Each structure stands twice: as C-alpha cells, then as structure tokens.
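**Q** Given the coordinates of chain A, assemble chain B onto it according to the supplied hints.
Now for the letters of each chain:
Protein chains: 2
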Amino acid sequence: MRQAGRYLPEFRAIRENVDFLTLCKTPDLAAEVTVQPVDIIGVDAAIIFSDILVVPEAMGMQLVFDDGSAQKRFSNGPHFPSPIRSRAQIDALPVPDPHSKLKFVLDALRTTRKSLNNKVPLIGFSGSPWTLATYMVEGRSSKNFRYVKELIFSHPKDAHLLLDKLARTVAAYLSAQIEAGAQAIQIFDTWGGILAQEDFEEFSLRYIQQILSLVKRNGSPAIVFCKDCGHSLEKIADSGADVASLDWTVDIGKAREMVGSYVGLQGNLDPAMLYSTPERIEKGVQAILKKFGKGNGHVFNLGHGILPDTPVENVKTFVNAVKKLSVQYH
Amino acid sequence: MRQAGRYLPEFRAIRENVDFLTLCKTPDLAAEVTVQPVDIIGVDAAIIFSDILVVPEAMGMQLVFDDGSAQKRFSNGPHFPSPIRSRAQIDALPVPDPHSKLKFVLDALRTTRKSLNNKVPLIGFSGSPWTLATYMVEGRSSKNFRYVKELIFSHPKDAHLLLDKLARTVAAYLSAQIEAGAQAIQIFDTWGGILAQEDFEEFSLRYIQQILSLVKRNGSPAIVFCKDCGHSLEKIADSGADVASLDWTVDIGKAREMVGSYVGLQGNLDPAMLYSTPERIEKGVQAILKKFGKGNGHVFNLGHGILPDTPVENVKTFVNAVKKLSVQYH
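Listed in order, the protein sequences are those of chains A and B.
Numbering-wise (our numbering), the first sequence opens with residue 1 and increments by one.
Numbering-wise (our numbering), the second sequence opens with residue 1 and increments by one.
Derived by calculation from the structure, the hints in this document are not laboratory data.
All values derive from a computational prediction rather than experimental measurement.
Among these hints, one or two may not hold up.
Just so you know, same-sequence chains aren't split out, so a pair can sit in one copy or run between any two.
List time: in silico EDC-like cross-link candidates among lysine to aspartate or glutamate, alpha-carbon distance up to 20 Å [unchecked claim]: (1) K119 <-> D107; (2) K323 <-> D39; (3) K316 <-> E150; (4) K291 <-> E198; (5) K165 <-> D28; (6) K283 <-> E150.
Next up, chain A with everything else stripped away, as it sits in the complex:
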C-alpha cells in the first residue's frame, strides 16, 4: 500500500520544489521518497513511488495534475482533459513499450534497488485494467461512474477491447518492472467494488487473470488488491495471485478459513485507525493478529494506503506494534 506521502515532513521537503508528476518522472527523487518510509517508519518492504495514471499517459492520453495547492493531490486529484468516449478513441490507443514510455519508473526501480542494498524487498505495482479504464473514461475520479458503466452496459465489446489493450499494456509494464528489480508486484483494483459481482468478474477480474498469466514473474510473487470485493474473495484467490490483499471491511479470520490454504493474505487495519491513539492502534493490530491466528501466510498491512495528515508517530506505533505483537503468532 502507498506509504510515501505528505504525512512525512521529509516527503513534503522534496515536494516543495517539484510537482507531483515531475516527482514520479525523476528516478532519483522517486527512489528517494520510496526509501523514506523504510528508514523513517521501519516498514519491512518498500513500494515504488509512482502513480497508476502514468500508464494511460504512456498510452498517449494527456494527464493533468492540478497541483496548485499542497492538498490537491488528495482532494481533487488528477484528470484527463480528453477522456475516452468513443470506439475510435479506443481503436487509436497503442499498447506502449514500457522500456521507452515508462522508462522513468524502471529507472526509479533500479535506483531504489541500489539504494535499498537488499535491506528490504522492493514492490512494483500497477492499476488494474478496470480501474485504469474508469479514470480514462470518466476523465477523473468519479462518484457514479456514469460513462464507464454506460460503456460496459451499452457497448460491452468496446469495453472489452479497451480492457484487453490495458491488460496487455499492464502485463508488459509489470514484466519490465520485475526485470528492472521489482521483487514482488501488486495490482490495485481500487474500483472493482463499484460493480455487481458478475460485472466485476467479466470486466475486472478476468483482465487481472490475463495479466497474471502473461507477466514474466521470475519468481516474484503477485499481490492482488480489489477494494470492496470481499464478495469475490474465492475467485480473486483463484486468479493466479500469490497474495490476496484485503481492505478493512473483510474479516481476515473468515478470509483465512475460505482461501488461506492456497493464497497468502495481506492486510487489513482500517487506515483511519492511525488517526486515533497508540493504545487503540495496538488493540486494533492485536485484534487482526488474533483473527488471522497462528501460522504463516499473513502480510500485515493497512487495508488501504496511508491517509493524508496521518500523524507520523502513529504510523511508527503501528509498525512497531505489528513487529512486537506478531511474534507470538508467526
């Protein structure tokens, strides 16, 4: 999950001088902010600093970050001024070569690996085809997802064409990330949960499966995070993923009973709990450890990325609580 960000003064110091997209595209700086949480909060893995929307940009879509105020990244977010609204636009989309169009991410991975010097593993990531499609079709973060739903319901063939192009793009991108040094990959399906179950399977999970069958993994495990998709956990676990990442609304004990024998489980403290007290955070960590129970196969994590304005001390409390309290379980 996202662990670099504005809650860290060290991150803010870098962002003062450079806009968000430039930070993503400057490998030395991206590597620097990737490593910050490892040093400062003591996490056991680094996840490359980037944004899922660099993929549609690599496919030729103009991407704009309203970067005027410090909070914009988290409030209004990025947008595509010319969203995908026609078959002709879908036909015109290329499947880009990540080695040229997304070289800055690959360079950032290489630099980060050197900087980490095998201290902790490095995770690469991509948005899922469905989640990328929602932004490309809506043009920005959405509430009702009118246009992308109109696409899947009224023009399912066009939707599948778009999603297939995205799946091939993401597969090549993740293969290149592994080649560049990513030791695990994570696919984020932030918006799978806005779909009915059969629509989720047809328009999202199917393309995650396609990616997982295409990526040259070289032994790197694949983590799949589908937010608000607890209803389809068994199918996610059966997608080719090594680890299913759970948001905080899933009961990790029940999840382990269902699928824990054939995939690892990642998660799943409510990130908003980091706004509370050290005592409450420790209690929350303890509750999740107890639910998962003894034995291996648990990657402790938040149920989503760290929220803006989270107190750094609370993030440290969280990480330390996991390290301390998990000993008796694993």
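**A** Using the frame of chain A, we list chain B on its own:
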C-alpha cells in the same frame, strides 16, 4: 429508494421556484414531488420526498444547502458549518419531539396519503444513526471520514452517547411518520460500509436494532438498507428488519439462500444500468429475477437511488420490465 428528482422535468419545474430545503419543508410541494414518480414512471409505492439531514437540523444543527446551481444538490451537497467535534456539543444535543421539529415531514406524509388515495402505499424513511453521525461530525459528505472515525476509535463512549441520542430521535421520528400515515419505513445506512465488520456492528447495526425495538410500527414493515454491507447480511436480517434492502454488489440469489426464509429482500439493479439501452435494462431485470427465483419475498428495486440525468424513458423501461418479467416468478 429515492425516485423523485431532477431527472424528471416535472420535478425540475417545481425546483425552479424553490430551493431544496424549502421544497422539503413545504408539505404541499413535498407531497406533489412524492407522487410524481407514481404517476409518471408507474412505480408500485411512493417514498416521501425529504432528506435525511432534516434530523440533525431538528436537533439544532445549522444545515446549509449550497443551492446556487442546478446540480449542486447532487455534486457538492449540503453541509453543517459547525460540525460536532466535542463531548460538550454531544451533551448539548436534544432528542427533539418530531411533532414540532419535524412537523413538515409529518404534514407532507398526511397530504401525500390523501393525494395517493390508497392507489399505492407510502413509505417513510430516516437515515441511520451512524450515517447521520458521519455528516454531523464530518460536517459534510466525506472521502476518508477522518473525524467520525477518530471519534469512534479514540472516544468510543462519546460516540455511543451521540449514536444513542440519534437512535432515540430516529425512533420517535419514524413512529411519528407511521402515525402520520407511512405504511412502511426504511432506514438508510449509506455509510455503514466504510466500517470494519465489528465496527459496523458496534457503531451502526446496534443502533438500527435499537430503533427497530422502539418504533411503534402498527403493522408497518421496516426495510433496512445498509450500503456496502453484504458481509453482514445475516446480522442485518436478524436486526428486527422485515426486509433487507440490497445494493447491487450483493448476489440476490446467494442472499436469498442465506436469509430469504426469514426476511424479504429488496433490490438490486445497478442504478447506473439505467444509463444504458432498453435491451440491456430488460436483460438486467431478467437476470435478477432469475437469481432470486420463483416465490414471494422480493421487492424489486434499484440497488440505490435513481442517479441524476437518468433518462426518464429508461426508468419507465425498467419499471415496465419488472412488471412484465416478474409475472412468471411471483
């Protein structure tokens, strides 16, 4: 589910002359827009036109609708300029008498009943204590729900005090609605789904149960809608509800297997499907009817309120498809 609104030209004609809150508070007009969908789209029940936020207002909170533009109701929404952020504010909240403070809703129900003349039944509603608390504490619709989560995690006793006051307020309000003519009541827990399962049970469902045990029902059935809470369906069905209302991410066939023998099920077409074609809408209706299967206990509905800009013709297509295709199942 909300079925009056701007997608209807007849609604827009009335809203041209009055702001949203005035419409809620003018019984003759509220009754008129309540009846509109019955006449225009042919639904089998009316749901009183109102807003869940009139309850916090009745408890003394200033409520502001930014009503400048036609779309504001649906985009930025209403807000409370002085949100609840302290124990003292919670202590100061009254449990208001609905007969004085929410008389306009009761009058609207009485007028609507007269106007409907028993053509179709009339449904009353309220937000759940948890959902009302999210708005009262955040001050407005939220993305991360920082403040209300800080309240439940850091000050759970204060949270329970607030939720108990809300439960007693809502119970009195729904009892008064039934007394004024509501023939069924619905509790909307729009934001139950942002909580982990045990937090949902402790801070939301528990207070819905409290309401259902307090409301003087006089034979009126109670419908409970907890959005994104499919994980807790069995507990919702066990809450005292007569009908569990499902959003579109729940498989209604599986839901019937789990709880269909002791509660009715309402739902659950994705409201965004009404942006698509008549053929697709009919196919979607057919799929849900087939999943539920033969027999009684199904209130066909959307999985949430009708979205802005939904074409009226598609809403009619939906209602007609349900009437036509359900005959062989019920």
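**Q** Look at each hint and say if it fits the structure.
**A** Cross-check of the supplied hints:
1. K119 <-> D107: within (19 Å within a copy, 69 Å between copies)
2. K323 <-> D39: So K323 and D39 pass the 20 Å test inside one copy only (15 Å; across, 63 Å).
3. K316 <-> E150: between (44 Å within a copy, 18 Å between copies)
4. K291 <-> E198: For K291 and E198, the Cα distance is within 20 Å only across copies (12 Å; inside one copy 29 Å).
5. K165 <-> D28: neither (30 Å within a copy, 54 Å between copies)
6. K283 <-> E150: For K283 and E150, only the inter-copy Cα distance (15 Å) is at most 20 Å; the intra-copy one is 44 Å.
Hint 5 from the list above is the single one not met by this structure.
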